[in-house]
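Enquirer: Here is what each chain is made of, one letter per residue.
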Amino acid sequence: MTSNNPAVFLLMINGQIEAADFPEYDDLYCKYCFVYGHDWAPTSGLEEGISQITSKGRGSQSLVWNFPLDITFKSTNPFGWPQIVVSVYGPDTFGNDIVRGYGAVHIPFTPGKHTKTIPMFVPESTSRLQKFTSWLMGRRPEFTDPKVVAQGEGREVTRVRSQGCVTLQFNIVTKDMKKLGYDTTSIEHSPARTPQQL
Amino acid sequence: MSSPSDVREKMRKKRRELQESLGRVRDDKQALVASDWDLSQDNGHTAVEMLAGGEEDPGEALRRSMMAKRMKKKKKLLKEMPVESPPDEELTAVQEQDRPHDDDDDDVQPVRDLPPRPAMRPGSSQSENTMRQRMTEKLRAAKSKAASLLEQESIIEPASRLQSLRDRETLTRFDRDTDPDLRADEDSSFTARLKFRDVARRATTDKRTEAGLPTAEEAYNFFTFNFDPEPQQQPRRKKRRPGRREAEEEGEGEAGEGDGEDEEEGEEERECEGEEESEARDEDAPLVRDEEEDLFLIDQSAQDFLEVRRAEYVDYSRRLQRERDTLFVPSMRTVPASSKLAENVRPRYLEEEGLYVGERPHVGLTNQNILENRILKQGEGRKWFGDDGRIMALPDPIKESSSRPPLFHLEDELDPALQTAYRKALKSKHVNLYISGMGDPQSDYQLDVDVSGLIFSHHPLFSREHVLAARLAQLYDQHLTRQHKSLTRLLTDKLNGLRNTIHNMLELHRGEALSQVTQQRMAEYKQEVRHTRQLRDVEQDKDRALLKSIIRVWKELKALRDFQRFTNTPFKLFVRREKVEREQDEQECEDDIMAEVEELQAETEEDYQKKMSEYRRQHEEWKSWKRKQKVLKKKQKKKRQQEEEEEDEESEEELGEEPEKPDPPEKPDSGSLEEQVREKAARIRRKPGEPVLIPELTVSGPVTPNEQCPRAEFARREDVSKRALFIKVLYNDKEVSRTDSRALNMDFRVHFGQIFNLKIVNWPESIKLQVFEGVGSSSTLLVEVCVPVPESSVLTGSAPSEEMEFSSNQRVTFNHEGVGSGVPFSFETDGTSTQTLLTSGKLSCCVSWAVGEDDVPLAPPSSQPGGGMYSGLGQMDAIACIGASSLNDMKKLGKWAAESRLDPNDPNNTSIMQLLSVVSGGDVAVPEYFRLEQLQEEFNFLTDEELQLSRRFRLLRLRSQEVAEFRHFKCVPSMEREISQKVFQDYEKRLKDGEIIDTKEHIDSHRALVAKYLQKVRESVINRSLIAKHHFMLSDVVSEDEVPSIGGPGAGVLGWNLFKLAEPKRPLKPHRKERKKVTAQNLSDGDIKLLVNIIRGYDIPVRRLHTSKPPVSAKSGRSFTEPFAAPVLSQINQQGSEWPFGQPLIRPFVEVSFQRSVLQTSAAEGPNPCWNEEIVLPFSAPNGDYSSTSLQSVRDEVFINIFDELLSDVVEDERERENTIHTRIARHWLGSIKIPFSTIYLQSRIDGTFKVSTPPVLLGYSKERSLGSEGGYDTIRSLSEGTFLSLFITIEPQLVPGDTVREKMKEIKFDSQEVERLLIASEVFEKEASRHFPDRPCLSTVIDINGKTVFVTRFIRPLNPPQELLDAFPNSPQETAELVARYVSLVPSLPDSVSFAGVCDLWSTCDQFLTLLAGDEEEHAVLLCNYFLSMGRRAWLIIGSAIPEGPTAYVLTYEQNRYLIWNPSTGQHYGQYDIFCPLQTIGCLINSDNVWFNIQPYAAPVRMSFDVSKPKLWKPFFSRSFPDPGLSSVQPEALVYRRTDKAAAVELQDRIEKVLREKIMDWRPRHPTRWNRYCISTLRQFLPKLELSGGREVAEEHRLELQSLLGEYTISGFPLHLPFSEIRPIIEAVHSTGVHKAEAPNVEFALAVHVHPYPGNVLSVWVYIASLLTAQ
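The listed protein sequences correspond, in order, to chains A and B. Here the first sequence is numbered in our numbering, starting from -13 and rising by one per residue. Here the second sequence is numbered in our numbering, starting from 4 and rising by one per residue.
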């Protein structure tokens, strides 16, 4: 791969899952994973991770993980741009480990530092009785695959309730995007360009 | 304040004074030094801290102060070093003071002030001294530096000093002056404890002065003192102190000699502690003063500087006097305006002048006054006042209500959701909505909306008469308006005028040649005449028609009144006749006609001339063409002679097409013209002489009073009188007012007459009037009328009232005379010629701008965008002004503009003129079409062709279409060139293959066609499944626990669990743990493993020894496995006796092959071996796709083959036998089991004992029946024949079986011809069944091959089997049945769960099945069942699950009081109580009448009853509540069988044999393959016999026969039997036996193939394969 004619572009992500705000819950941990299209491949870094359990501070309401993300993708096609899926878990009143929220967000396109806040949600029980029993038995409905939240297909059958939000910070570096004809910087930042052919 | 040197000076002075004045306490001096230090270094801090800590808890304070004290003491030691050689005067002074004290106290208390002078400590070592000196020097240097810095600072920046240093110093001083005294008093009242301690302390110090030793109490105090705040330092200090004290004690007067090191240490520590201490002291400092004692200790020094004097008292008056100079109390009185303004200026109020003055923020009057007074006091105070004499102020910026939500957050960081983001300014569309200058009170605008009334032209409550009357009135109105305009007369006059003009012109130029201009004008006039005449004719026609229709309607009305015998409307029509003078009239008429005829003649003549000339021209053309043609023909002839055809063609091309020969135009007929004109005149004009009819409509007629009306009419009138109407006025979609409610009159006119004055703020966008109609209190919106916003020139008074037509499409019907609205009604009695009328009417209203009192119109200035939002744009661009919508009509517009001769100079027309210039300039190409997605082109980054050609895009497209090859294609290269064409090769090949079926594999064309058809069906089903795959159900996305049910036949989780809780613990009883199920989404290659646990085998055939010769009499000697005993045994065997124990008759092992990996167990021994081995095979999904659908479609099968391991000794030389083992391992295939992966996947585990399919004949092996040793299994084995294998197969990790697709397919409704009720019932039935017995398959509807849902019983119908099968065994019905079953089993099986990707079962009818010659168990079962039914047996279809097929279909027959279960795919049958019956669960039974679902507690055939008449055991689908609607069958009436061509069968037979032979040779690349022709021919003879016997064992005699024929050889081999579908499975089967693997050097092979044709192209294929070893 010569530098003049790159075949792939690289997207380097580092950042962290900074904190979450779940007003009612405590002692939560989170998992993250990336969902990306066929043309994407991680070249280095961890695709999935699980954080420590964090508790709320005495005064503060937010749960701080500061869980680092560091991954580099390569791709030939911006379609299927990676998304990060964050799912938060924690014990309920009976100590059962249950899910507290799912959320996903696309990795920002533009290089630089970005702070994203993802509102989180959990699937709802299908009936009140279900809700009660699931509460009692500590087995709330979960997505079969957390990656569901990163795709649109099949979501119409679910009902969710939103709770809390998670703040992520990304530092994005891209390489060779422009050489392949993808200009992600906004117009304000770069002078007017002639549209390149794909 | 004074400079630092002054301070120092003062301090020194004071110190001296103090020393003299205050007592001789020892600490005094120490404190002095300490405080001195303090002052010079820390004064700033201390002061501040003192203030801060002043009010702390006294207890805490005390503690701290004690601490501080200690520190001070320590500090003092430090301080004394610099003191020793004073760097500046201050320190000298200190030393001076020190010395006398030292002199005094030397003997008493050397402890506190360790002698710093080396001179006075002779004992200390030299090094010590130097050290100390260095330290002191350093300190000194630092000090001087600090001092000089201070001085410098004082010089350089006195201002900063003032703030930073002096301020603090004053504070300190101030504190010290006042506070201590006060505090002391306060503190004295504190706890007694404190006091006590203080007192005690004092006492001790006193004592110490005397004794010079620490008293016990002091010691105690010292040691027990609570050093809480500094726990770290405490121990250190403790340690040090005693040590030091000892030292001090030792060296009285002088410092101890041994003290030196200690000292040094101490010094260092002290130094490093210095910082901490200073910090600590900072905190402590203020507290110190809380106690007298402490004060004494610490701040004594401060008091040293104090000079106690009498308080200075200043006389009050003098103080006032003095204060007056500096202080000022602003008065609260109002300041006179004059003083606020410049002299001779009158206050000026901007507000009064009409300027906008915002509201000032509210300030209290007194405060304002104070402020004003204060400002005035200043020098240039006046500039703060405005012209009106008030303080200048900006308008109040605070809004009444908050405009943004309050922010509640604890951290400083703003909630990210609320963070402001920069957006570019947008021009709001509402910006212009407000009329400018609203602040100006004078410019308020007023719209007057005058709602005068409304008239209904139709109302639901109209009676029929009303309808007619309304029509009449309308027509009459039209008539009146036409009369008013009198267009006809106008046009007639114009026509006459024009005619006269032409006439005059002709007169004028009589005889002369007309000039060009006049000619032009004449032509124009004529044109005009023509046009006008046409218009007049039209108008006249209309007039006439109108009159006619008025009269007609009136007649109808009269008729209706007569008919209904009452009158509803007061309308009356009179027709007035106006006599005309007949002659004159006639004359006029005639003239008119003649003139017209004349004109027409002239016109036609002209027309004719034109046509004539045209004709001539054309004719001429034609002629010339003819001529050319002739010439050409001649030329051609010539050319033909020359044979130059090319030129000929060219010339022909030149000539072009032949023009048509023109026809000469017809000569106009003047006679007919006149007739036409006369006829027209008669039609549209009053006949000459007839009176002029003038209709007059009056409303004077009487209306029948209510009492005389029939009931329906009465009800209508009642209804009308109940109705009331009112109108809401909406301005910009907001209701501003409404009229009073007015009752509806009988004549359906409502008068409101109300004027609403709207004072407006916003620009008028819309004015609407909503008409509401109400009965009683409820009202409904009838219509909404939009009134145009008036021009600013439309003013009240001058504006005419407008009539707005409205209509509504409400549907209203009544049961009385009212005709309703939106519903058809008829005037005729028979109800014909209906018509539908909608509520409509006219609203008369007027909207205008009001006129103010002084005749000023209250309209907004028109310069504002009142006319339209885009008027600004409009001036620039005509197109924008008119709007894009009218662009399409641009041509029309242009035409109209040209025709209407717009004045180009009129400013009103600028837009249009500009537009026209644009159009004529041709800049704007008006599209001739309407475009739906105008912007699509912008998004096309490539043309379609490029898109097609590009490999990359093709790849991307195919992937998104989920084409199997590309579904999981990773990383499509970004560059076109990186994609090779190879990528598509497979795909294109497949596409091609779809078209052309390889005839090689299919041999006869019929099967090729079938395969093609199947392929198509498969594709359509796959497409369906693709759709289904994207159809999600909740359970696919969300995993949720079921609600635990208590008890019940299903999973009574809760009940069971509760029961379990009470269960005693049984530690020795292991619990089976549920394996974790894995969703098949995030798996990759190598994650899934197939576990095959081979437990044991039963009844494996054993080797049969050759009778003629011992089998192991090879050159090499004996076989390993059968040593010397063999010949003996064979003889025994010959006699039919049993094998002796311990004899390795056979060494079977099992080989499992799956997906190219082959693994085997070790060899066990004996016919009932026990392996108990686990074989782990890796599994990889096709294309790396681990989704459940993909896994379901895995076609791979697990082959479990049993082999016999034969070891033969191949040691060539007998002599080597002792030290060499050289064996050849050969293996003989004994049987196999095939289990499709899909079955394992769907069932998640397969556990049980399975029958091994063994060949009917196994040469060299025989079954041993009753081997006594394993008695336990005798009973089982006696029941059924064959070899069995116990297996346990599962997938690790357990995959969630993905039968979801099947479920989902149900969600997707297929078309059906069944009755909806039946479908619903079947759904309910199946749902119920699966709820109660989730593991029992239930089937009531199936999908046929056309993808339609069909009820399952329709498939069952008696069908005739082939006649020759029935004829075969005319006497034995049982054998016939078996033969039929065999026939059915010979139809190749193609499981659709594999071919159709587990999507759904497709059921084909029997004829389809036989045509396709492929189908799965269902089709086989249906066919077999139908055959049995036609044979007069009672038969049912069983829907159940079997091993290893999974869900399947069997056939149940009942005969001779027993039930038989038939496996249709193998043709075998089992009794109900057969333990080896593969059928495990029975879900339901189906016959042509009904479906029964099994609701018995058990589903295994052994444990259940098949009596379907018992409703407790079998739940019928059709019951009394839902009887069988009599469903017709989808099956044909009878099946037609085609005789299979025998020759073709033979041909096929040869072909298969040839292929197989080649294959076997291919498989043995390293060895020559010899064929034993003799054996082959022998085998060939056997095969037909096998076929006849139906594959049952004819083994014994056959074997004997073979043996006798081929006595020389050791033969191992077997016949294979297969139904024929393709050649590939046959090859596979042969390969899997592994016969070709025989590697003995002298091995020979034999292969024979026999194809037996059955009717209907069903072929039974036998392959006999054997290996022969020469037994020499």
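Source of the hints: derived by calculation from the structure; they are not laboratory data. Bear in mind the structure is a predicted one, so any value in this text is a computation, not a measurement. Misleading hints may appear alongside valid ones.
[Said to hold, decoys possible] Calculated pairs, SDA-like style, for lysine to any residue (alpha carbon to alpha carbon, straight line, at most 25 Å): (1) Lys164(A) - Leu959(B); (2) Lys1545(B) - Leu1369(B); (3) Lys165(A) - Leu959(B); (4) Lys117(A) - Leu959(B); (5) Lys60(A) - Gln984(B).
[Unchecked claim] Covered, in the sense of this in silico footprint (three residues per stretch, anywhere, with C-beta under 8 Å from a C-beta of chain B), are these stretches of chain A: (6) 24 to 38; (7) 99 to 112; (8) 115 to 124; (9) 139 to 152.
Heads up, the beta-carbon is just placed ideally off N, CA and C, and yes, glycines get one too.
Enquirer: Now, for every hint given, state plainly whether the structure supports it.
Expert: Hint by hint, here is what the structure shows:
Pair hint Lys164(A) plus Leu959(B) holds up; C-alpha atoms about 21 Å apart against a cutoff of 25 Å. Taken as a hint, the Lys1545(B) and Leu1369(B) pair is honoured in the structure, with Cα atoms around 20 Å apart against an allowance of 25 Å. With a C-alpha separation of about 20 Å, the suggested pairing of Lys165(A) with Leu959(B) holds against the 25 Å cut-off. Note on Lys117(A) and Leu959(B): the hinted pairing is violated, with a Cα-Cα distance of about 43 Å set against a maximum of 25 Å.
Distance hint between Lys60(A) and Gln984(B) is fulfilled; the C-alpha atoms sit about 24 Å from each other, no more than 25 Å. Figure legend: the stretch 24 to 38 of chain A, annotated as covered by chain B; annotation consistent (4 residues with Cβ-Cβ distances under 8 Å, at least 3 required). Interface restraint, the stretch 99 to 112 of chain A with chain B: holds (5 residues with C-beta to C-beta distance below 8 Å; minimum three). Residues of the stretch 115 to 124 of chain A with a Cβ under 8 Å from some Cβ of chain B number 5, which satisfies the need for three, so the listed coverage holds.
Judged by the Cβ-Cβ criterion of 8 Å, the stretch 139 to 152 of chain A is covered by chain B as claimed, because 6 of its residues qualify and three suffice.
Violated hint for the displayed structure: number 4, the only one.
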